[in-house]
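We have chain A already, so just place chain B on it with the hints.
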Amino acid sequence: MNNNPVDKKIIEKIMGNKKYKELVGKRSRFAWILSAIMLVIYYSFILVVAFAPKTLGTKIFAGSVISIGIPVGVLIIVLSFVLTGIYVSRANSEFDALTHQIKEETK
Amino acid sequence: MKTIFLSFLITGMSLWHRLAWGADAVAQPPESKLNITAIAMFFAFVAVTLGITYWAAARTKTTKDFYAAGGGITGFQNGLAIAGDYMSAASFLGISAMVFAKGYDGLIYSIGFLVGWPVILFLMAEQLRNLGRYTFADIVSFRLSRIPIRTLSALGTLFTVILYLIAQMVGAGQLIRTLFGLPYEYAVIIVGTLMILYVAFGGMLATTWVQIIKAVLLLSGATFIAIGALSHVNFDLEAFFQSALEGVKASGLADHKKVVADGKDIFAPGGLVNDPISAISLGMALMFGTAGLPHILMRFFTVANAKEARKSVFYATGFIGYFYILTFIIGFGAVVLVAPNPQYVDIVKGTLMGGNNMAAIHMAHATGGDLFLGFISAVAFATILAVVSGLTLAGASAVSHDIYANAICGGHVDERIEMRISKFAALSIGIIAIYLGIQFEKQNVAFMVGLAFAIAASANFPILILSIYWKNLTTRGAFIGGFLGLISTVTMVILSKTVWVDVLGNQDPLFPYKDPAIFSMTLAFVGCWVFSKLDNSTQAASERALFEAQNVRCETGIGAEGSSKH
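Residue numbers (our numbering), protein chains in the order written: chain A, 676 to 782; chain B, 359 to 924.
Bound-form chain A, shown alone:
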C-alpha cells in the first residue's frame, strides 16, 4: 500500500488525547458552518436567478443604469475570498497550534 502504516499504539494514544477530540470537533464544526454559509449564499443567488430574475435588474438608485445584480455578484465573489481568509487565519493559528501540541504529546 502507498500509505505508511501508522503504529496502532500511536493511533490509540492520539484518539485518547483530549486535544485531538477538541481539534476534530472545533475544526469540523467551523468547516461545515463556513461551507453552509457559502452554499446558502450561492443557492439563494441561484434561486433568485431562477424564480425572480427581475429583482436583480432593480436599479441601485433612481436615475442610475447600474442594477443591484452587479454589486450583488461582485459581493459574492469578494465574500468567497473573505470566507477562505477567515478559515485560513483560524486554521493557521488555533488549529495548527493544537495539532502541534498533539504531535508533541504523542512523541
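The set of hints was computed from the structure by calculation and includes no laboratory data.
Any given hint might turn out to be false.
Pairs of lysine to aspartate or glutamate residues, derived as EDC-like cross-links and limited to a Cα-Cα distance of at most 20 Å, are as follows [stated by the list, open to error]:
hint, chain 1, residue 1, chain 2, residue 2
1, A, Lys734, B, Glu906
2, A, Lys734, B, Glu596
3, B, Lys665, A, Glu687
4, A, Lys778, A, Glu687
5, B, Lys615, B, Asp594
6, A, Lys688, B, Glu906
Chain B alone, transformed into the frame defined by chain A:
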C-alpha cells in the same frame, strides 16, 4: 482496462466520422494574415518554457518528482498554478464573450465557477494533502480495495481528461488559426508536441512553472485591458455602464440586435437558465465539478503540508475571483470600444471578426494597439499550452500510478519502470489528443467541457468526499455508486438537447434538461449509501474499522507524505 478505453474511443470516432459526413459543411473562416509580433512573443514564451523543462528534467528523478514536483511547491506558487489551471483560454475568451453578447449571464457563470473553491478549502484541501500522495485515487483507496477503486477512479480521470482535452485542442486550433494565421492542423500539432515535451521530460515541476508564468502573464494582460476600458470613461462606473447600454442599442451585431428586440435587460439575468431545476443542476455541476477535476486535485500533492495546501486555495480563490471581475469589465468594455468599430466587425455575419469569442482579443487591440494584441495572442496560446499540459499529466498519472503501479502491480513496483510508463502514457495521450483534435475540427465540442464537469461532479467527487467523511463507505458501495454516477451522466448528456438534437440532429431531446448533475449526483450518492449499507461482508467490516486510523492521519497529518529533500 486500456483496451476498453481504446475501443470506446474508436467507436466514438467512427460515430463522429459518420456524423461529419451528414453534417452541413461548416463555413471555413479565411486564414488571417500572419501576425509577426504575436509569433515573436510566442516564440519567446516557448523558449523560456523549454528552458524550464530542461531545468526541471534534471530535477525529475523519482516518481514523487514526476507526479508532485517533489512536494516542494509553496502555497503561493501553488495558488497561482491552480488559478492558472482554472483560467483557461476558454474561460478568458468565453466568459468575456458571454458578457459581451448577453451581459449579466456571464457573471452568473463566473460565480458558479468560483464558489466551489471555498468549499474545497473547508472540506477537502488539507484532507487531500494529508491522505494522498499523487492522485485522488490514493485517498479513496486508503481504506478501500485497490483494484476496483483504482480502476473506477482512473476511468473517471481519463473520461474527464480526454473530453476536456478535445475541447481545448479544438478551441486551440481555431483560436490559433485566427490569431496567428497558422493552418488548423499545424496549430493542433504544435500544441500537442509542446505539451508532450513539457510533461514527459519536465513532469509536474515544469508543468507547474509553465502554469505559474502563464497565470502571471494572463492576469497582467487582463488587468491592463480592464484598466484601458475603464480609463476610457475616466473610471466613472455609472458612465461605463451607461455607455455599455447605449453600445448595445446602437450595435449592428446579431446578438445585440436580438437582446434589444427581445427587450432584455443586459444588467439582469437573461435566458441562461429558464427553470429552477436547470439552474440548480448547473450550479451543482460547476461547484462540485471543480472538486472532482483530476488535474486540479493533483495540485494539492505538490505542496509540503496541509498548511501550504490551505494557503494555496486562499490565494487561488483571490486570483480567480479577481480574474472574473476583470472578464466582466472586459466584456462590457468590448461593447463600448469594439462593437461600434467597423474594423472589428464582420458585417456579413453580424458577429465580431473571427467570431464573438474574439471580444477580449479585439479589446486588447482597442486598448493597447498592435504590440499589445500580439502580447495577448501569445498569452492566449500559452494559456492553452499550460492547461493541456496539466490535463495530460493527470491522465498519464491515472495510467501509470493508478492502473499500472497499483491496480496491476499491487503497489510493489520499480520506480524507474513506473516513470517510463507514465512518460509513455503522456506521449500516448498527447498523440490521441492531437488525432482527436484534428478529427473533431468541425464538430460542436462546446458540450464536452460541461460533460467533463458533470462526470467530475457525479463520479469522482461523491466517492472522494464520502471516503474522507463517511465511515461506512465500503468498496462495493463506492464502486457501484461511482459507476452509476458515471454512466447516468454520460447517458443523460447524450439524450439531452446538447448532443441528441444539436450534435446528432434529432428532433426532440429525450432528456429535458441540459445539465444532468442534480440527478446523476443524487444517483451516485444514493448508490454509494445503499450498497455500502447493504454490504455485510468481512471486507466491509475491516474497511470500516480502518476509518479511525484514516481520520487520525487526515486530521493531524501524522504519517502523511512529506516533501522530498533536494
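Those earlier numbered hints the structure runs against, lowest number first: 1, 3, 5
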